[in-house]
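Novice: Single-letter residue listing:
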Amino acid sequence: MSVRDYLDRLTGTGRADTDAGAPGDGAAGTDLGIVVGLMLAVYVVFVAIGVVLGYDTNGIVNALSQVTFLTAVYALVVLALNLHWGYTGLFNIGVAGFMAVGTYTMAMATAAPDARVPGLGLPIWAGIALGMAAAAVIGLVAALPALRLRADYLAIVTIALAEIIRLTYLSSAVQTFTVFGTQLGTGGGSGIGIEADPDTVVVEFLASVPGLNVLFDAFGSVLSGMGVQQSVINNWYYAFVLLVVVVAYYWLLQRIGHSPFGRVLKSIREDEDVARALGKNTRLFKIKSFMVGCSLMGLAGILWFGSYGFINPNTFLPQVTFFVWIALIIGGAGSNTGGVVGAAMFAAVLFELPRYLASIAGDTGGLPSAPPTFARAVGALFDLEPLAFVAYGIDNIGPLRLVLVGVVLIVLMQRRPEGLLGHRKETAASIGLSRPNRSRETTDATAATDGGEEQ
Amino acid sequence: MSSDTAGSGSAAGDEPTAESDASGADTDAEAPASATGRDDDAGVTATGREADEVGAHIDGTPALAVKNLRKTFGGITAVDGTSFAVEAGKMTGLIGPNGAGKSTTFNLITGFNRPDSGQVLLNGDDITGKQPYEIADRGLVRTFQIARELEEMTVLENMMLGPQHQSGESLWRAVTPGVRSSVKRDEEKVLERVWEMLDFFDIAHLAEEYAGNLSGGQRKLLELARALMTDPDILLLDEPFAGVNPSLENRLLEHVHELREQGYTFLLVEHDIDLIMENCSRVLVLHQGKLLADGEPAEIKADERVIEAYLGGEVE
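In order, the protein sequences belong to chains W and L. Those letters in the first sequence? Residues 8 to 462, per this note's numbering, in order. Those letters in the second sequence? Residues 109 to 424, per this note's numbering, in order.
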């Protein structure tokens with residue numbers, strides 16, 4: 008406080024905007040430092056492991072692009088979920104459902120009318136807008152009855168809704184159907200292709216922008232000079248785009264959080280009755296918060312699963328929701344920066360790193376073939392063939408990752424239940440809240456002392 | 109001018125004093141030196157109100173009236189056909205043994221429970237069954253029996269939440285570039301009132317503290333201060349002195365009296381009968397959901413039925 012006052016006087020800034028806790032430059036600078044530092048550390052670890060184990064450049068660069076992609080898409084969904092849970096206290100465990108609505112709507116809107124699964128043939132931008140709108144509307148449908156209920160009931164409603172959505176898309180009844188004479192379809196169990204997948208479209212669009220294309224060419228030629236394949240370079244372009252979208256999400260959610268609107272959301276999280284007693288129409292605030300979060304989830308789904316070029320109902324299993332929740336819990340609910348950090352920790356360290364190690368081990372060889380069963384693998388230990396045991400582990404890295412996630416969660420719950428950055432409480436106001444300077448200058452001595460004690 | 113005043117935006121229309129307050133704040137913004145003129149701090153908001161409030165109710169309409177209010181929970185009749193009125197600018201006490209229906213009555217008045225039958229009139233307008241936020245918006249604000257703070261929010265944030273209809277409570281205003289700067293200007297005005305109020309209640313030194321870290325008594329102060337930030341006409345205080353040490357109790361009482369002199373109307377529920385008798389000009393006694401007695405403290409003290417109710421005797 009006193010240091011800040013001192014700095015205030017030094018710089019002669021009359022405004023309180025730069026106070027800690029407010030979205031001032033100081034706080035934003037540290038946060039950016041945390042995120043960039045973490046990502047750089049992740050990159051260094053990946054490169055170091057790759058180099059030490061003799062992985063080829065293309066493989067390393069590809070792994071880094073994968074890490075960046077996953078971190079970015081997780082960050083998007085975690086940020087959206089943080090608006091629901093971290094700010095408003097809405098226990099939404101139907102994240103996958105809202106992502107499904109966004110992605111499917113976009114896929115159905117952009118598919119060509121004569122494709123295997125016919126669509127409306129709209130351009131990608133219209134598809135994205137429709138997808139976000141649809142996710143918001145489904146959010147509203149879920150919210151209207153459920154937000155009257157207590158938090159745990161909302162959880163039940165959302166997860167049920169997410170499964171209903173998934174099973175609806177799976178149903179053969181809507182595989183293809185006709186509305187107002189237009190043929191449409193979800194593809195049922197066999198899924199639907201995304202012709203205008205954001206990956207390709209966005210990269211093509213950027214490569215056509217004058218100025219940007221020069222930058223892209225330069226970047227591409229450096230990488231291809233290092234022996235990196237074009238597809239990997241394209242993945243990097245898309246990862247960059249996603250990082251920009253993450254920044255946009257972050258910006259939007261910080262603004263929401265640091266505003267009177269965000270303050271009401273926070274008060275709903277803390278004690279809704281108090282907010283009502285203070286004259287806030289809490290239902291309306293909850294609905295708005297829920298719809299905005301859902302539409303952001305819809306867009307995140309499009310950018311994530313849409314970029315694979317094909318989706319089917321099993322893309323949106325409940326485990327997607329739980330992974331996102333784990334990332335939010337690791338990072339710390341209530342903090343947007345924490346959300347991004349949690350996304351990076353989960354996607355890069357817990358999820359991608361084990362797979363990376365496994366694929367290096369598989370590529371470079373040198374391991375004996377994996378025993379077919381766990382018993383045989385343990386048996387190999389007793390036969391003094393530990394490498395066979397390791398090979399078994401690498402062979403089953405998918406399930407083992409979940410074990411790792413579980414262990415990390417248990418340790419976190421014991422040591423740091425609020426998450427990595429959950430202890431940081433961000434002030435919900437658009438301005439710094441220290442005593443306004445103009446009264447401080449003149450009445451500091453009088454107001455603070457005599458305005459208080461004597462009364 | 110009234111359209112851009114932060115907290116008092118809505119009230120500005122029908123309360124001339126609210127406007128003059130806001131314009132006062134505006135001039136302050138231009139001339140920092142005049143800040144010394146606000147030595148009596150929160151009094152500024154309120155001194156102006158006095159004449160206004162009293163004038164508004166000169167016709168004799170009670171500030172708050174309930175008629176034949178009834179509420180049952182399952183087989184229990186919590187409030188059983190209660191009627192009473194609360195005079196504007198006065199402090200009225202509501203007492204009764206445990207389970208007499210005091211808190212339920214509060215909940216029925218403030219919209220947290222819906223009465224089975226009966227009416228609640230605020231300045232003559234029927235507000236029965238309205239939502240709590242609508243009732244608070246009309247100037248009737250309550251506090252809770254057990255101080256309910258927003259624990260993971262700072263004292264400042266708690267206070268900033270109070271004012272009604274802040275421009276930044278609209279989502280698009282809060283995020284749209286350009287428009288947001290007007291939100292910030294409104295926030296600065298709110299912030300100024302917040303600090304005045306904190307000074308008035310002598311809790312400015314706790315401003316940056318999380319509400320969850322405050323002591324019980326400090327929470328009571330904060331809750332009252334926060335309720336005042338909504339710019340209410342009537343305050344319903346549910347056991348504001350429970351669990352408060354005697355010196356803090358005296359301070360709270362002083363504040364309440366000062367506010368009453370400024371024109372606020374109070375209805376308080378309290379268990380401490382002596383405290384009610386000494387401080388209220390009128391006392392309502394509830395017993396088993398019914399109004400047992402209604403009168404000046406002296407009358408109530410002499411009332412046989414009240415004594416019996418408190419000593420657990422039979423009531424006819």
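If you're looking for bench data, these hints aren't it; they were derived computationally from the structure. Hints may contain errors.
Reference excerpt, derived from the structure (chain W facing chain L, CB under 8 Å, subset only) [as the list claims (entries may be wrong)]:
| # | residue |
| --- | --- |
| 1 | Pro267 |
| 2 | Ser274 |
| 3 | Asp278 |
| 4 | Lys295 |
| 5 | Arg383 |
| 6 | Val385 |
| 7 | Ala435 |
Model, not experiment: these values are computed from the prediction. Glycine residues also receive a C-beta, built at the ideal position from the N, C-alpha and C atoms.
Novice: Confirm or reject each hint.
Specialist: Here is how each hint holds up against the structure:
For W:Pro267, the interface hint holds, since its Cβ comes within 8 Å of a Cβ in chain L; the closest pair sits about 3 Å apart. About 5 Å separates the beta-carbon of W:Ser274 from the nearest beta-carbon of chain L, less than 8 Å, and the hint is met. Proximity of W:Asp278 to chain L holds as hinted, the smallest CB-CB distance being about 5 Å (cut-off 8 Å). Taken as an interface hint, W:Lys295 checks out: its beta carbon lies about 5 Å from the nearest beta carbon of chain L, inside 8 Å.
The criterion of a C-beta within 8 Å of any C-beta in chain L is not met by W:Arg383, whose closest approach is roughly 52 Å, and the hint is violated. Annotation: W:Val385 was flagged as interfacial toward chain L, and the flag is violated, the nearest CB pair being 48 Å apart, outside 8 Å. Interface hint status for W:Ala435: upheld, as the beta-carbon distance to the closest one in chain L is roughly 6 Å, under 8 Å.
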